[in-house]
Amino acid sequence: MKYAYYPGCSADSTARDQYMSVNEVATALNIELSELKGWTCCGSTPAHHTDKNLSIALPAANLLMAKKTGLDMVVFCAACYNRMKAANHEIKTNPDIRKDIAAALGEDYDGSVKVHHFVEVLLKDIGAKKIQNAFTHSLDGLKVASYYGCLLVRPHDVTQFDDPENPVLLDELVTLMGGESVDWPHKVECCGGGFALTRTDIVLELSDSILNMAKASGAQCMAVACPMCQINLDMRQADINETKSRDYNLPVVYITQLLGLCLGVSPKKLGMDKCVVSPKPIIELVRTAE
Amino acid sequence: MAIVINKEKKRVDLTTEVQKISGIDIRSCLQCKKCSSGCPVSALTKVHPSDIIRGLQLNAGDKLFDSDLVWMCASCETCFERCPMKINMAAVMDALRILAVRNNASRQKGNVALFNKFFLKTVRMFGRTYDIGMIAAYKLGTSSYLKDTDKFPMMLLKGKIALTPSFKADKKYTNRIFARKHDRINS
Numbered sequence: 013m014k015y016a017y018y019p020g021c022s023a024d025s026t027a028r029d030q031y032m033s034v035n036e037v038a039t040a041l042n043i044e045l046s047e048l049k050g051w052t053c054c055g056s057t058p059a060h061h062t063d064k065n066l067s068i069a070l071p072a073a074n075l076l077m078a079k080k081t082g083l084d085m086v087v088f089c090a091a092c093y094n095r096m097k098a099a100n101h102e103i104k105t106n107p108d109i110r111k112d113i114a115a116a117l118g119e120d121y122d123g124s125v126k127v128h129h130f131v132e133v134l135l136k137d138i139g140a141k142k143i144q145n146a147f148t149h150s151l152d153g154l155k156v157a158s159y160y161g162c163l164l165v166r167p168h169d170v171t172q173f174d175d176p177e178n179p180v181l182l183d184e185l186v187t188l189m190g191g192e193s194v195d196w197p198h199k200v201e202c203c204g205g206g207f208a209l210t211r212t213d214i215v216l217e218l219s220d221s222i223l224n225m226a227k228a229s230g231a232q233c234m235a236v237a238c239p240m241c242q243i244n245l246d247m248r249q250a251d252i253n254e255t256k257s258r259d260y261n262l263p264v265v266y267i268t269q270l271l272g273l274c275l276g277v278s279p280k281k282l283g284m285d286k287c288v289v290s291p292k293p294i295i296e297l298v299r300t301a302e
Numbered sequence: 141m142a143i144v145i146n147k148e149k150k151r152v153d154l155t156t157e158v159q160k161i162s163g164i165d166i167r168s169c170l171q172c173k174k175c176s177s178g179c180p181v182s183a184l185t186k187v188h189p190s191d192i193i194r195g196l197q198l199n200a201g202d203k204l205f206d207s208d209l210v211w212m213c214a215s216c217e218t219c220f221e222r223c224p225m226k227i228n229m230a231a232v233m234d235a236l237r238i239l240a241v242r243n244n245a246s247r248q249k250g251n252v253a254l255f256n257k258f259f260l261k262t263v264r265m266f267g268r269t270y271d272i273g274m275i276a277a278y279k280l281g282t283s284s285y286l287k288d289t290d291k292f293p294m295m296l297l298k299g300k301i302a303l304t305p306s307f308k309a310d311k312k313y314t315n316r317i318f319a320r321k322h323d324r325i326n327s
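Chains A and B are the protein sequences, given in the same order. Under my numbering, the letters of the first sequence match residues 13 to 302, in that order. Under my numbering, the letters of the second sequence match residues 141 to 327, in that order.
These are computed hints drawn from the structure, not numbers from a lab. Keep in mind that this is a model prediction, so the values were computed, not measured. Please note that the accuracy of each hint is not assured.
Said to hold, decoys possible - Label-pair restraints from in silico Cβ distances: (1) B:Pro293 to A:Lys111: 23 to 31 Å; (2) B:Leu296 to A:Asp213: 18 to 26 Å; (3) B:Gly163 to A:Gly118: 18 to 26 Å.
The C-beta atom is built at its ideal place from N, Cα and C for all residues, glycine as well.
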């Protein structure tokens, strides 16, 4: 299967490990991710804070590039995924916006490019059976809290990802890998997202409550599908420990890093050395459980 | 929260402006407060989502710009997802922020508007974001030099942040988009 892959800006920088692990998993499962040549930023939160048409035109530029390849688009970053879906939704439902975006881009775009999250491709296009057959290792009962955050699941009318209150796609993958997906109530709570730099205090509050619940639910690690959730929940643990007298030491990894391990890819190739909280216990557990 | 409406002349007819930008009919709100109950930051703010809508319904005007929620809303969209009347509260909050910047009325902790400006500046320059440039500009603009200084050496060492911007973006479309929006974004 071949897709037009939109990595998003964080793939070049703070989420290099996400980029590496998505590519490794795709290669292992014979999924052809053809990176969209010359892709540009989706605008993320700053664009929709600033101007509605800008927030649609920026993702639409990439959707237009994808349309020219004739392929469906695959995204991993939850924020980019959300913005791509929002742009398609607005362009399809609002003729005035479509006209305005056509004027901004210099070309008309009809909102027709199908956008999939990489996890959707895995479960819906490749299928659980094929993935399971490719595993060489197992999570061996590792207790994983699957964390979806905001932008994959909300608003459901736009993203159509999974159930907006109790999504299960990541949990399905965890179970498939032989892990134990913990039943916990903070799957779709907000980590503070884009406030990482501006309102770190809010990120610390919200991430604390998520980590606290993951720990109370018995999780040994968290699996995420969003670069902002990953960096907030992983890198901010030290700050939360310091300011709120906690003792978190919970690895927060991309679901694709877990998949990569189970597919026999080396932790280095999955960028696991970039995690702030060491994922070493997970790596050792998977290594010994063939 | 008690909502006090001042009778003096307002600078901005905020209710009309918000409805124009967001496309939302705020009259349909029943004040069930489901948005406020589910809002993850409402435990930290004085003003809650349902207060904003009520304020707009009562045409409270530009004093709504001073609501702490305006720049503490994380755009998580839980409010919109759960609204029984399908009011896109996230779009209402976006409209408020857009109008706050336009009316030079965004003076809040963290200066999110300044961050947004620098974020979009790097997108305009390179077609993609450039974290270090954006962070440096924001730190200069907010004099927050010492915050998170422990993070950068670690991130650089781990290759967790790109040193240089990417020059791989094809700026054909972004150049057009930003040229057209120039007055609105850089004002």
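Margin query: Name the hints, by number, that the structure is in violation of.
Written below: Failing hint: just 1.
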